[in-house]
Amino acid sequence: MRGASAEAKPERVSGEPASATFKAPLLTRIFDTLDPEQREVVLDLGAGCQALIARLAAERGCRIEIADFVANDGLAALNAALPESRMDTLGALLPQPNDERLTLIFCWDLPNYLGRTALQSLCALLGRRAAGGCRLHMLISYSRRDMPAQPAHYVPAGDGQLLQNCKNGERVPAPRYSPEDLGKALGGFKYERGVLLANGMQEFVYTWPGGQA
Amino acid sequence: MFELGKKDSEAAQAAARQTENMSAAGSAAGAKRPGTGQFAVIGRSIQINGDVKGDEDLMIEGDVSGTVELRNHSLTVGKEGKVKANIFARAITVDGTTEGDMFASERIAVRATANVRGNLLAPRVSLEDGARFKGSIEMDQQAVEKAVGSSARSAQRTETSAPRPNGDVKTSADRPGSAAVAR
Chain A
1 MRGASAEAKP ERVSGEPASA TFKAPLLTRI FDTLDPEQRE VVLDLGAGCQ
51 ALIARLAAER GCRIEIADFV ANDGLAALNA ALPESRMDTL GALLPQPNDE
101 RLTLIFCWDL PNYLGRTALQ SLCALLGRRA AGGCRLHMLI SYSRRDMPAQ
151 PAHYVPAGDG QLLQNCKNGE RVPAPRYSPE DLGKALGGFK YERGVLLANG
201 MQEFVYTWPG GQA
Chain B
1001 MFELGKKDSE AAQAAARQTE NMSAAGSAAG AKRPGTGQFA VIGRSIQING
1051 DVKGDEDLMI EGDVSGTVEL RNHSLTVGKE GKVKANIFAR AITVDGTTEG
1101 DMFASERIAV RATANVRGNL LAPRVSLEDG ARFKGSIEMD QQAVEKAVGS
1151 SARSAQRTET SAPRPNGDVK TSADRPGSAA VAR
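Top to bottom, those sequences are chains A and B.
All residue numbers for the first sequence refer to the numbering used here, where the first residue is 1 and numbers rise by one.
All residue numbers for the second sequence refer to the numbering used here, where the first residue is 1001 and numbers rise by one.
Please note that a few of the clues may not be correct.
[What the hints assert, rightly or not] Interface residues of chain B toward chain A, partial, derived using beta-carbon atoms under 8 Å: (1) Gln1047; (2) Gly1050; (3) Val1125; (4) Ser1126; (5) Asp1129; (6) Arg1132; (7) Phe1133; (8) Lys1134; (9) Ile1137; (10) Glu1138; (11) Asp1140; (12) Val1148.
Hints were generated in silico from the structure; no laboratory data involved.
Even for Gly, the Cβ is constructed at its ideal location relative to N, Cα and C.
Take these sequences, add in the hints, and give me the full structure.
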């Protein structure tokens, strides 16, 4: 692992709230290669946004589940959970499932704010609901020395760009995970592809084994 | 069960007077939003435990637990409104807090001030930035028709006998008590 420890509390420094756009080629590839004949079941662990709803639910008839881990204290619950109680109590962090399994998961920025055991719990939780071949799209801080103190909100902005909105300007040391450490924490999800982005974040796609979703 | 828009005029007038008296926010049982038709209001001080049904538009600023069914009309949950219920309507707009599933034959709008937990099924769904939402969104025509249709059939099955009150209405100014809410 580079930089800050996965379990250490980072030192905060002040700064200005900021918004910025950046290219996310793997996300673009996911959107471009969605099978029009296949109904996707999408889980966004963030706050959700109209752009995703329009693109996936309105245009393609996908089911979208939104967990909003930041507003619903999901990060705190994962970080605080005791190993023995994890799966029983943490299932409620995700929206109530129907009889369909997840085929696409967005986990943008959140691993930067989870300890290793919490991240392992999250991945076990996701694995319980993932269909074979389910793709997990993830963003983490990587090459920059600091990152926002709170997870940013991300909105697809067209042209393969993501808009990053940081609510306050506080920043903490980064990165929290190297790609190797992240891969180890992700349990059953298998690495498919990773790209270092111009803004210092790393974009990953992992898949849940078991064939095409 | 609370039947909106189906009361005889005397009962409606009495309820309207009562609701006007009960309203801590100064809202009336019937109100008019600029540029729109009349709609009924469940005021800020009113608590309803039971089923709310009606044939007119409704705004909820109080607390409602149970079910809300306005098949051909619009429901607005105002900023002060707290609804713990499955909601069936033509159009639903949420500015306040809801817990439960929403089914709309036209659209659901979750505004920036809203805090929503539940599943949303409608041909059109909008989620404003800043809204707190946990649940699923389903806009697939077949899934929506199936859900709205099955919920409609299930609601019809519960209506085989004549409508009668099966819940409580309380106000913060006059508890305990009960009242019909009608315009």
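Here is what the structure says about each hint:
1. Gln1047: violated, 26 Å
2. Gly1050: Hint violated; glycine 1050 (chain B) Cβ to chain A Cβ min 24 Å, cut 8 Å.
3. Val1125: With a minimum Cβ separation of about 6 Å from chain A (threshold 8 Å), the hint on valine 1125 (chain B) holds.
4. Ser1126: With a closest approach of 6 Å, the serine 1126 (chain B) hint holds.
5. Asp1129: holds, 7 Å
6. Arg1132: This interface hint holds because 5 Å falls under the 8 Å limit.
7. Phe1133: holds, 5 Å
8. Lys1134: holds, 5 Å
9. Ile1137: Holds: closest Cβ of chain A sits about 5 Å from isoleucine 1137 (chain B), inside 8 Å.
10. Glu1138: At about 5 Å, which falls below the 8 Å cut-off, the nearest Cβ of chain A leaves the hint on glutamate 1138 (chain B) intact, so it holds.
11. Asp1140: Status holds, d = 4 Å.
12. Val1148: violated, 15 Å
Checked against the numbered hints above, the structure violates hints 1, 2, 12; every other hint is satisfied.
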